[in-house]
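Novice: Sequence:
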Amino acid sequence: MLKRFLGTEGFEVVTAYDGESACKKFFEDEYSLVLLDLMIPKIDGMKVMNIIREKSMVPIIIISAKDTDSDKSLGLGLGADDYVTKPFSVTEVLARMKANIRRSTQYAAGAASEEHNITRGTLVINTNDYTVLKKGEKIELTAKEFEILKMLMKNPQRVYTKEQIYSSVWKDIYVGDENAVNVHISRLRNKIEDNPRNPKYIVTVWGIGYKLGEA
Numbered sequence: 164m165l166k167r168f169l170g171t172e173g174f175e176v177v178t179a180y181d182g183e184s185a186c187k188k189f190f191e192d193e194y195s196l197v198l199l200d201l202m203i204p205k206i207d208g209m210k211v212m213n214i215i216r217e218k219s220m221v222p223i224i225i226i227s228a229k230d231t232d233s234d235k236s237l238g239l240g241l242g243a244d245d246y247v248t249k250p251f252s253v254t255e256v257l258a259r260m261k262a263n264i265r266r267s268t269q270y271a272a273g274a275a276s277e278e279h280n281i282t283r284g285t286l287v288i289n290t291n292d293y294t295v296l297k298k299g300e301k302i303e304l305t306a307k308e309f310e311i312l313k314m315l316m317k318n319p320q321r322v323y324t325k326e327q328i329y330s331s332v333w334k335d336i337y338v339g340d341e342n343a344v345n346v347h348i349s350r351l352r353n354k355i356e357d358n359p360r361n362p363k364y365i366v367t368v369w370g371i372g373y374k375l376g377e378a
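With my numbering applied, the sequence shown corresponds to residues 164 to 378, in that order.
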């Protein structure tokens, strides 16, 4: 159904009916986005996502009948950029696909008018090629993780609420679901902090939100 619909919208769609063939097909070509079901045979969707994330930061949207907060948290925590639960509207999937592809393209292209390098402590981010270095070592971030970090590093004295982070990074209306922001902050801390349990770069301002620390 999705393949037929997306074909009429101008997308070239490659399908795989199990995790093993999905991984094989993914590494045989280049893709702009991955739609990933979790309940697939041979290799499940979570494992497929782990395999893809070892080599690629391509946007991944999970489409699953698993709709609990824990399922969504796990999916986002392992590297998904978005999560759509079944049953779904094909127009909603299309809108989310376009938004994620647009953001990914913008990240890849960079912003020529911005200062390319922003340095805070031992962290350096390049807003032109979207790379992140810590003590000279490259850190791989997803598009949303990079945008959160860039927001904080560009405005080191400012405290951002979860609503402000969500609205800016997800480009969507915040409806009180803190889960997506919390998961991405946690993932980001695991990647950039020396001790994620005692963060120095992304600090919590209790009752308000997050700000850049004095690392």
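Be careful, since some hints might not be right.
Derived Cβ-Cβ restraints for the label pairs, each shown as a range [stated by the list, open to error]:
1) E175 - G299: 37 to 43 Å
2) R167 - E377: 26 to 32 Å
3) G299 - F251: 19 to 25 Å
4) N213 - P359: 18 to 24 Å
5) L296 - V253: 36 to 42 Å
No farther apart than 30 Å at their CA atoms in a straight line, the calculated lysine-lysine pairs in the DSS-like style are these [what the hints assert, rightly or not]:
6) K205 - K249
7) K249 - K229
8) K334 - K261
9) K249 - K261
10) K229 - K188
11) K297 - K205
12) K187 - K317
13) K261 - K298
14) K249 - K210
15) K297 - K218
16) K325 - K249
17) K301 - K205
18) K187 - K229
19) K334 - K210
20) K334 - K249
21) K354 - K210
22) K374 - K354
23) K235 - K354
For the record, the hints were derived by calculation from the structure and aren't laboratory data. The structure displayed is predicted, hence computed values, not measured ones. No residue lacks a Cβ here, since even glycine has one placed at the ideal position from N, Cα and C.
Novice: Does each hint fit the structure? Answer for all of them.
Specialist: Hints and how they fare:
The supplied range of 37 to 43 Å is met by E175 and G299, whose beta-carbon atoms lie about 39 Å from each other. At roughly 54 Å, the beta carbons of R167 and E377 sit outside the given window of 26 to 32 Å. Between G299 and F251, the C-beta spacing of about 44 Å breaks the proposed range 19 to 25 Å. Judged by the Cβ atoms, the range 18 to 24 Å given for N213 and P359 holds: they are separated by roughly 19 Å.
Restraint check, L296 to V253: a C-beta distance of roughly 41 Å satisfies the suggested window 36 to 42 Å. For the given pair, K205 sits about 21 Å from K249 by alpha-carbon distance, which is consistent with the 30 Å threshold. With a C-alpha separation of about 8 Å, the suggested pairing of K249 with K229 holds against the 30 Å cut-off. Simply put, K334 and K261 have alpha-carbon atoms about 12 Å apart, close enough for the 30 Å limit, and the pair holds.
With a CA separation close to 19 Å, the supplied pair K249 and K261 stays within the 30 Å bound. At most 30 Å may separate the alpha-carbon atoms for a hinted pair to count; K229 and K188 meet this at roughly 25 Å. About 38 Å separates the Cα atoms of K297 and K205, which puts this hinted pair outside 30 Å; it is violated. Pair hint K187 plus K317 does not hold up; C-alpha atoms about 40 Å apart against a cutoff of 30 Å.
Of the supplied pair hints, the one linking K261 and K298 is violated, its CA atoms being roughly 35 Å apart against a limit of 30 Å. Under the criterion of a C-alpha separation no larger than 30 Å, the hint pairing K249 with K210 is consistent with the structure, at around 20 Å. Our distance criterion of 30 Å between C-alpha atoms is met by K297 and K218, whose separation comes to about 20 Å. Distance restraint check for K325 and K249: the Cα-Cα separation of roughly 26 Å lies within the 30 Å cut-off, and the hinted pair is therefore satisfied.
For the given pair, K301 sits about 33 Å from K205 by alpha-carbon distance, which is inconsistent with the 30 Å threshold. A distance of roughly 25 Å separates the Cα atoms of K187 and K229; the hinted pair therefore holds under the 30 Å criterion. The straight-line distance between the Cα atoms of K334 and K210 is roughly 28 Å, inside the 30 Å bound, and the hint therefore holds. Between the alpha carbons of K334 and K249 the distance comes to roughly 22 Å, so the proposed pair stays at or under 30 Å and holds.
Note on K354 and K210: the hinted pairing holds, with a Cα-Cα distance of about 20 Å set against a maximum of 30 Å. Restraint check for K374 and K354: the C-alpha separation of about 17 Å stays at or below 30 Å, so the hint holds. For a cut-off of 30 Å, the pair hint linking K235 to K354 stands: about 20 Å separates their Cα positions.
Hints 2, 3, 11, 12, 13 and 17 from the earlier list are contradicted by this structure; the remaining hints agree with it.
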